[in-house]
Structures are given as C-alpha cells and as structure tokens.
Amino acid sequence: MNKIDLLGRKLDLRHGCVDLSHGSGGRAMTRLIADIFHAAFDNDWLRAGNDQSAFDVSAGRMVMTTDSYVVSPLFFPGGDIGLLAVNGTINDIAMAGARPLYMSASFIIEEGFPFVDLQRIARSMGAASRAANTPIITGDTKVVERGKADGVFISTACVGAAPKDVELSADRARPGDVILLSGSIGDHGVAVMSKRENLSFETDILSDTAALQDLVAAMMAAGHASIRAMRDPTRGGLAATLNEIAYQSRVGARIDEAALPIKPQVAAACELLGLDPLNVANEGKLVAIVSPEATEGVLNAMRAHPLGADAARIGEIIDDDHCFVQMTTAFGGLRIVDWLSGEQLPRIC
Amino acid sequence: MKHLDEYRDGALARGVARRIAKEAQDRRVYSFMEFCGGHTHAISRYGIEDLLPPNIRLIHGPGCPVCVLPSGRIDEAIELGKRDNVTLCVYGDLMRVPGSNGASLARAKANGADVRMVYSTLDAVKIAENDPRRQIVFFAIGFETTTPPTAMAIRLAQRKKLENFSIFCNHVLTPPAMRKILETSDSQALPLDGFIGPAHVSTIIGTAPYRAFAREFQKPVVVAGFEPLDVLQAILMLILQVNGGHAEVENEYIRAVTEDGNRIALAEIADIFELRESFEWRGLGEIPASGLRLREGYWEFDAERRFPVDKRFARDNPACECGAILRGVKHPRDCKLFGGACTPETPMGACMVSSEGSCAAYWSYGRFRAFERKAAE
Chain F
1 MNKIDLLGRK
11 LDLRHGCVDL
21 SHGSGGRAMT
31 RLIADIFHAA
41 FDNDWLRAGN
51 DQSAFDVSAG
61 RMVMTTDSYV
71 VSPLFFPGGD
81 IGLLAVNGTI
91 NDIAMAGARP
101 LYMSASFIIE
111 EGFPFVDLQR
121 IARSMGAASR
131 AANTPIITGD
141 TKVVERGKAD
151 GVFISTACVG
161 AAPKDVELSA
171 DRARPGDVIL
181 LSGSIGDHGV
191 AVMSKRENLS
201 FETDILSDTA
211 ALQDLVAAMM
221 AAGHASIRAM
231 RDPTRGGLAA
241 TLNEIAYQSR
251 VGARIDEAAL
261 PIKPQVAAAC
271 ELLGLDPLNV
281 ANEGKLVAIV
291 SPEATEGVLN
301 AMRAHPLGAD
311 AARIGEIIDD
321 DHCFVQMTTA
331 FGGLRIVDWL
341 SGEQLPRIC
Chain L
350 MKHLDEYRDG
360 ALARGVARRI
370 AKEAQDRRVY
380 SFMEFCGGHT
390 HAISRYGIED
400 LLPPNIRLIH
410 GPGCPVCVLP
420 SGRIDEAIEL
430 GKRDNVTLCV
440 YGDLMRVPGS
450 NGASLARAKA
460 NGADVRMVYS
470 TLDAVKIAEN
480 DPRRQIVFFA
490 IGFETTTPPT
500 AMAIRLAQRK
510 KLENFSIFCN
520 HVLTPPAMRK
530 ILETSDSQAL
540 PLDGFIGPAH
550 VSTIIGTAPY
560 RAFAREFQKP
570 VVVAGFEPLD
580 VLQAILMLIL
590 QVNGGHAEVE
600 NEYIRAVTED
610 GNRIALAEIA
620 DIFELRESFE
630 WRGLGEIPAS
640 GLRLREGYWE
650 FDAERRFPVD
660 KRFARDNPAC
670 ECGAILRGVK
680 HPRDCKLFGG
690 ACTPETPMGA
700 CMVSSEGSCA
710 AYWSYGRFRA
720 FERKAAE
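Residue numbers (the numbering used here), protein chains in the order written: chain F, 1 to 349; chain L, 350 to 726.
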C-alpha cells in the first residue's frame, strides 16, 4: 500500500468543494494539500512533507519580502489570483536587483470554495514559479466559515539573493536622475475592473501580470552601479510609486505626459470610468531611477527584453523640498500627479 | 481616442493661447467664472492657466452637486442607511462627504449600515429587483444632467411594479444658482466679466435658459465642453465679447448642445418631478425654486415619505471656507484648513472630497502653484 492510499479516497476535484474539515489538521487536510498543492507545485521539498524546508544560501546579500492577495474577481482576463501572487512576490524581490530563490504560500480558503477553482489557481502558481525558477517550498492552509473570506486569500513570502555591492533603494534618487518606465500603464487594473460585478464592460485588455526578474537581470547587467532604485507600480499606479520615491528620497519629479505609454483601450476605459491611468494598477511593470549617464544603456537593455519592449524615458528627478511629482501635460500645462486619495478600485491585487 | 484627442491637442492649444494673448488687453483684468466642477477639473488637470496671460482670472463656481449639498442631508441619508431593512445605494463621490461630527456614509458602512456604491441608477433598480425583502433607497443627487437617469429609474421601477425601490431626492437646478450668484455678489468681492457655461447640464436644458443672465445682468455666457480645448476656446470667445462690449449667450459646445436641449429628457423630468418651494445650498443658502421633488403621482417612490427622517441642520466647521469658495469669493488656497486639517484623506468640507470640488482639484493638480506664488512674492 503506498502513502497516498493511507489518506483515503482522492478528492472529487470536478464536483467537490472545500469544507471546514480541510483545514482541521486531519486526514482531509493532508488529502487536500497532496491532491491540489503538492500536485501543482511539485518539488522535492514539498514531497519531503515537513512543516518547513531547508536550503543552502550563497555568499552575498539575502533579500526577503512578504505579500498578500485578495483580488476580486479571482479570475480575470490575463490571469488569476495565483499567478498574481507568484509574480507579484517575485517582483518585490527583483526590485531590489536580486534574484528570487524560494517562495512560501499560505491559503485562507472560504468554506464551499470549489476544488476545481482551487486547483486552477494552484496550477497557475506552479507554472509561474517553475517559469521563474523560484519553487514554492513551504506553505499553509486554513479554512474559514462561509462569509469570513471571499473565496480564497493568498499570502506569500519569498527570499532572494543579490551581489554584495547591490544596494537599490527608493531613498537614493537624486536631482538629475532619469525616470524609466518598462511599458504601458493601467492594463491590470482595467482588465480586473472589466470583470467586476456591476461594472462589466467589453475590452480586449489583458492583465500585464508578469515576473520581472529576467528583465531586471538584463538591466543590472547593463548598468547596476547606475541604477539607484526600482519599484513596480502596483496598487495606486505609477502616481503612487513616483510619490513614494520622491517622498523617500526627499526630491521632486517631473514627468512628461506625452512620453507615457498608455494603450488606447486603457485610455478609453479610464475615460469611461472617470479614472486616471496614472492611478490604475500594474502587475508587470517597473519604474527605474537611473543616473543620467547610464540611461541609454539601461533603456536599450530594457527594450531588448520582451517585457520591456515599450520602455520609455518618462521624466527626471528634480530638486523640490515639497516632494511634488509634477507632469507637463500633453496640452502644454503643468500639474501635480498626486497620491491616490481614498479608494479608487476595491481589491485589485 | 477619436473624438477626444482632438480636444486635447497641444499644438491647437498653443494656437488658441496665442490668439488669447493677442486679444487680451494688458490694461485690464478679465474675470470669468467656470460654473461647473467639470471645467474646474479640466483647468487644473491640463494646466490650462499656464497657457493664459496673467490678467485672465478663472473663478471656480458652485457647479459641484456634492459640494453644494448641506451636510444635514448627509446626516439624514446616514439615518436612512442605518435602518435595518434599508439598503442605501449611492454614487461613489458621496461616500466620504462629511456629515456632522465626522460622520460619513463610508463610516456608516464600516459600522454596519448597508450602503452600496453604484455606478448608475439602473444598478440600484437591479438590486431592488434581486432582493425584494429589502428596501432599496437610491441617493439621487445632481444637477439637470443626472436627473433624467433618476427619472428613468423611477419609470423602470414603476413598470416592474417594484414596491421596494425609492429615491432620496436631492436634485437641484443650475439657473437659480447662477442667478443667486449674480444677485448677491458685489462687484468688489467678486468681479465677474462672464461665465463659462455648463457643459453636460446644457445638453439637457439647452442654451436658452442663460439668455436672462446675458440680458438682465449684462454678463456674457459661453457654453463650453469639458475638454481643455473647449475651455480655452470659450475663454477666447468671452474675451472677444467683453472687448466688443457684448453680453450674449454663445455655444462653443455645438457638438452636444442645442438651443432647446433634450426635449425628451426635459418632458420626462417635468412629468415626474416638481419644484420645491425652496432648497438649501451649502455656501449659497436657501434658494427658492432651485430643488426638485417627486410629483404626487410618484410619491410611492419618495424615500422621504416612505421613511420619515427628521430634518437635520448640521453646522459646518466655522473655519471651513467651502461656502465662500462655492460663491467664488475665495480661492481654496485662502482657506486656513486647506492642506493642513483638510486634505482628501481627512476632509473637513465636501469641496475637498468630490471629484468635482475646487479644493480637490487644487489639491490634486495645482497646489504646487501656492508655493510658486510664495516664492515669486
């Protein structure tokens, strides 16, 4: 008799759903983990079946991050919550100029959640982590009563490594530095909104969710000493990211509206909904602050990578005690690009 | 985007700006009020003032329905939303508008009231249809632009025989507010050479209702769209009228506005709504015949009749200058609370919250100018 048989009957993945027993620590939970998570993430660490996993570390700097995902709806054009969780967590590591190594994933599942949806989410996480060469090596599962969660919430952590001399940080921007953006803005937020209850509209825009570690590696190879900071403009959009950098570095920024890559469909959707694309979330883009002399080299490296094909120089860091992010409008005037106030879109990542 | 990008074209804008610079006479100041919050936001968002000579002053008007709503009405809506069987449906703009003592619909929601954000009146009707056990109240608010959609919701609820749908009516009219500003403003506190007339409102009511202002008060009115080039063109048209000593109603927004407006919408409004004797406007006070309520034949859809709520009179923070800003006699930067106690995160007045409010526009897009002014001084 093999090990799996000890756990009783396999899950009815087509018709079954999660109930409270799947989070109770008993046989049902082990079954759920084996049939869905281990099957999808499939690696030696998980197969060993421990509550933690051990790995060797190399010399240099370790980088660590944690993140959680509560997106609604769980499935949207171009991705799902699982893909978002893996890519988003990896990107947080990559933004330090680091290479992601290992991930963890915890699931808080609402009672009644269909196995088939959970499996779909787990499979997309498995595929994304394999593609990024960042295995999910430990995790956790909890089940809560109906109404206490919204389908499934995912919490992740990731560790990565960077060479000793790499020290990217959002407090390092200096006046004269150049602001680079890796591609079009607003795609993710618009894709998610297009499927929201009460708001569904027809669009062919897909979420831009992507793991950026290879793009980052190419940029670091082109000029890591000249890259001061990188950040992925997720919630709050490009506006929030630029304001964060300005605030942390105590500088201002001036960007050029005409230089911003925005897809016409995204611009149209934002127009319709009264949103500013600068506030809309992205899940596969990065902003880099680069010293002026290295701009061309880094920009060329970005454009040579498929995830940076539309990369653009969008502005520069300026001296400003008030830390304003200003924008020269395509119309010819000047305005502030502010942090988003209040809630623009409920739960987009 | 076709039919939009043309109206945001930088090269065309420079052309109109050159024309404005040529026509504007150095020896005088031109003060124009843009009535609508939509214009205020276009001006800030596109940085239109950077394209104008310094002797052209733009004064922000009261055309922001959320801003002119007295906070007592928010308190009354909160009372409605707190009732056990009531679901209050509101436009997103209203959620964070302050009532009295820091209350807001967002806070009421967090404390358990069933307040839902909807994007259209029809969403509210749908909610009523899907949940017949709950009473669905739609917080109807806005100028003439949003009144027809409310009328349509009433019509639909009537056709579907919905017994659980009603509206909390706060619809107001534009011309009485313009009149109030002209009648009460003295030319010292508010020098006014003309109006940039409403865009969306005029698609419903047309240009004819503004004729009285041109005639009686000798103020030119140029109805303009909400795109930046519309605003710039309207400013040029106003300057030409002022220079020529004219006071006429002109229509810059001919792609959407006619002289008589949308007759079907106007007939529907007239059938379902009637004038209130008087309605209180924040900042402008009581204005006779400026607000709408449901006609007797539609009383079954009137939330104020279905759920009697005591009338509330809430006092605004005495330091809040929203009132003077809404009347056009003060600028957001003149308010002591602006940027300190009052920010979009901690609003003291509705002008800082609404997407059409002038404080919100100045905060979000233009507040760096205050520091530039100071530096220049």
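Worth double-checking, as some hints may not be accurate.
Claimed, not checked - Below, a list of computed lysine-lysine pairs in the DSS-like style, where the Cα atoms sit at most 27 Å apart:
hint: 1; chain 1: F; residue 1: Lys10; chain 2: F; residue 2: Lys195
hint: 2; chain 1: F; residue 1: Lys195; chain 2: F; residue 2: Lys263
hint: 3; chain 1: L; residue 1: Lys529; chain 2: F; residue 2: Lys148
hint: 4; chain 1: L; residue 1: Lys458; chain 2: L; residue 2: Lys660
hint: 5; chain 1: L; residue 1: Lys431; chain 2: L; residue 2: Lys529
hint: 6; chain 1: L; residue 1: Lys475; chain 2: L; residue 2: Lys509
hint: 7; chain 1: F; residue 1: Lys195; chain 2: L; residue 2: Lys351
hint: 8; chain 1: L; residue 1: Lys475; chain 2: F; residue 2: Lys148
hint: 9; chain 1: F; residue 1: Lys263; chain 2: L; residue 2: Lys431
hint: 10; chain 1: L; residue 1: Lys679; chain 2: L; residue 2: Lys431
hint: 11; chain 1: L; residue 1: Lys685; chain 2: L; residue 2: Lys529
hint: 12; chain 1: F; residue 1: Lys195; chain 2: L; residue 2: Lys660
hint: 13; chain 1: L; residue 1: Lys475; chain 2: L; residue 2: Lys458
hint: 14; chain 1: F; residue 1: Lys195; chain 2: L; residue 2: Lys475
hint: 15; chain 1: L; residue 1: Lys475; chain 2: L; residue 2: Lys529
hint: 16; chain 1: L; residue 1: Lys458; chain 2: L; residue 2: Lys431
hint: 17; chain 1: F; residue 1: Lys148; chain 2: L; residue 2: Lys351
Everything labelled a hint here was simulated from the structure, so no lab data went into it.
Going down the list of hints, with the structure as the test:
Taking the CA atoms of F:Lys10 and F:Lys195, the gap is near 33 Å; set against the 27 Å cutoff, the hint is violated. For the given pair, F:Lys195 sits about 18 Å from F:Lys263 by alpha-carbon distance, which is consistent with the 27 Å threshold. A hinted pair counts as satisfied when its Cα atoms are at most 27 Å apart, and L:Lys529 with F:Lys148 does not qualify at roughly 52 Å. In summary, the hint linking L:Lys458 to L:Lys660 is supported, as the alpha carbons are separated by about 21 Å, within the 27 Å threshold.
With a C-alpha separation of about 35 Å, the suggested pairing of L:Lys431 with L:Lys529 is violated against the 27 Å cut-off. Restraint check for L:Lys475 and L:Lys509: the C-alpha separation of about 11 Å stays at or below 27 Å, so the hint holds. For the given pair, F:Lys195 sits about 25 Å from L:Lys351 by alpha-carbon distance, which is consistent with the 27 Å threshold. Pair hint L:Lys475 plus F:Lys148 holds up; C-alpha atoms about 26 Å apart against a cutoff of 27 Å.
Among the hinted pairs, F:Lys263 with L:Lys431 is inconsistent with the structure: their alpha-carbon atoms are about 43 Å apart, more than 27 Å. Simply put, L:Lys679 and L:Lys431 have alpha-carbon atoms about 36 Å apart, too far for the 27 Å limit, and the pair is violated. Proposed proximity of L:Lys685 and L:Lys529 is supported: the alpha carbons are some 26 Å apart, at most 27 Å. Only pairs whose Cα atoms come within 27 Å are accepted, and F:Lys195 paired with L:Lys660 is rejected, the gap being roughly 40 Å.
Note on L:Lys475 and L:Lys458: the hinted pairing holds, with a Cα-Cα distance of about 20 Å set against a maximum of 27 Å. Straight-line distance between C-alpha atoms of F:Lys195 and L:Lys475 comes to about 18 Å, which keeps the hinted pair within the 27 Å bound. For the hint linking L:Lys475 to L:Lys529, the alpha-carbon distance of about 38 Å lies beyond 27 Å, and the restraint is violated. A threshold of 27 Å between alpha carbons decides the hint, and for L:Lys458 with L:Lys431 the separation of about 9 Å falls inside it, so the pair holds.
For a cut-off of 27 Å, the pair hint linking F:Lys148 to L:Lys351 is broken: about 46 Å separates their Cα positions.
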